[in-house]
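Student: Let's have the full structure, built from the sequences with the hints guiding it.
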Amino acid sequence: MLRDSGPAIPEPAGPTDIVVAVKAASLNRRDLLILHGRYPLPAAPGVVALSDGAGEVMAGGEAVTRFAVGDRVAGTYFPRWRSGRITPDAFDQPGCTLDGMLAQYAVLDEQSAVSVPAHLTWEEAATLPCAAVTAWSALTGADPLLPGQTVLTLGTGPVALFAVQFAKLLGCRVVSTTSDRQKADRLKALGADAVVDYVREPEWGSKVRDWTEGRGADLVVETGGPETLEQSVRAASLYGQIALLITGSARKPGIEISHVYASTLATIRRVFVGSRARFEDMNRAVAAHELRPVIGRVHSFEEAHAAYRGHATDAPFGKVVIRVAD
1 MLRDSGPAIP EPAGPTDIVV AVKAASLNRR DLLILHGRYP LPAAPGVVAL SDGAGEVMAG
61 GEAVTRFAVG DRVAGTYFPR WRSGRITPDA FDQPGCTLDG MLAQYAVLDE QSAVSVPAHL
121 TWEEAATLPC AAVTAWSALT GADPLLPGQT VLTLGTGPVA LFAVQFAKLL GCRVVSTTSD
181 RQKADRLKAL GADAVVDYVR EPEWGSKVRD WTEGRGADLV VETGGPETLE QSVRAASLYG
241 QIALLITGSA RKPGIEISHV YASTLATIRR VFVGSRARFE DMNRAVAAHE LRPVIGRVHS
301 FEEAHAAYRG HATDAPFGKV VIRVAD
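In the numbering used here, the protein residues as written are 1 to 326.
Read the hints as simulated data drawn from the structure, not as lab findings.
A hint or two may mislead.
[What the hints assert, rightly or not] For each label pair, taking beta carbons as the anchor points, the in silico distance ranges come out as:
#: 1; residue 1: Arg38; residue 2: Gly70; range: 38 to 44 angstroms
#: 2; residue 1: Arg309; residue 2: Arg85; range: 49 to 55 angstroms
#: 3; residue 1: Ser179; residue 2: Arg284; range: 20 to 26 angstroms
#: 4; residue 1: Arg66; residue 2: Glu201; range: 48 to 54 angstroms
#: 5; residue 1: Ala189; residue 2: His36; range: 21 to 27 angstroms
Just so we're clear, the structure is a prediction, and the values are computed from it rather than from any experiment.
From the three backbone atoms N, C-alpha and C, an ideal C-beta is built for every residue, glycine too.
Tutor: Structure below.
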């Protein structure tokens, strides 16, 4: 639901709270799942929507030390996950079990916010908390990628697009998949070194191996789930990594891998966004390289319902953003 806080700036609820005037928020696939009651974590009744948003600090409690009035911040996807591995007591999420960012003002604990790179617009900054941190975690969360290694990304969803950008930032070669020729051109413009049409080449795992002269991809950012996992395994190098971001779908809810898995020592690891520390690491890289997120559409605050409908019915190239205030 939307919440109009009116012209009055709310007071911090606690001594370490900051009041953020939200400038922009962005949609993720999980927001549609929450809307339709299909998200694994039950949503609180009447919760304010959206985990992703950015804005300006307007006030702070007496014990706030991390931020000052006027600072540009974004909220984190898991407010209580500061660093290291997540624990069961840190699963709460804005826009689901906690009020989210689709509001004029958001009250956040200072520990659940990060500074955003100065070169980004509000709309760009609002794209970071979920998709960008997920992509960054996929690329940097296990064995380090080395310059010259190969990263495979699937499709043109926001996580895949951020993964292309981050992989190039890390000096890697990138192979991407899509069945849309125009999107293939845009992937190459974004940095992909090669694009495989997965409709024309249903055995696209072999095509990735051909492109890498038989070696395979050192890291696969696996955003397709059960429908694509076997080809991702086929595409992976002997000791490759497969960062698994989606585990099921209506068409194929379970994961099946044939005997081909016996021919590789690839590691499959589950990735689900990341900690505040990982968000801050990512932001330093974004700032140093002046990376700009890809935005597909921007809606006004009054068009929030249309933003949801559009996100559900088509596949924009880039994030869907709602501009809350100028």
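Student: Determine for every hint whether it applies to the structure shown.
Tutor: Now for the hints, and whether the structure bears them out:
Take Arg38 and Gly70: their Cβ atoms lie about 40 angstroms apart, and the range 38 to 44 angstroms holds. Under the hint 49 to 55 angstroms, the C-beta atoms of Arg309 and Arg85, about 37 angstroms apart, miss the expected range. Separated by about 35 angstroms at the C-beta atoms, Ser179 and Arg284 break the suggested range of 20 to 26 angstroms. Separated by about 49 angstroms at the C-beta atoms, Arg66 and Glu201 satisfy the suggested range of 48 to 54 angstroms.
For Ala189 and His36, the Cβ-Cβ distance of about 34 angstroms falls outside the hinted range of 21 to 27 angstroms, so the restraint is violated.
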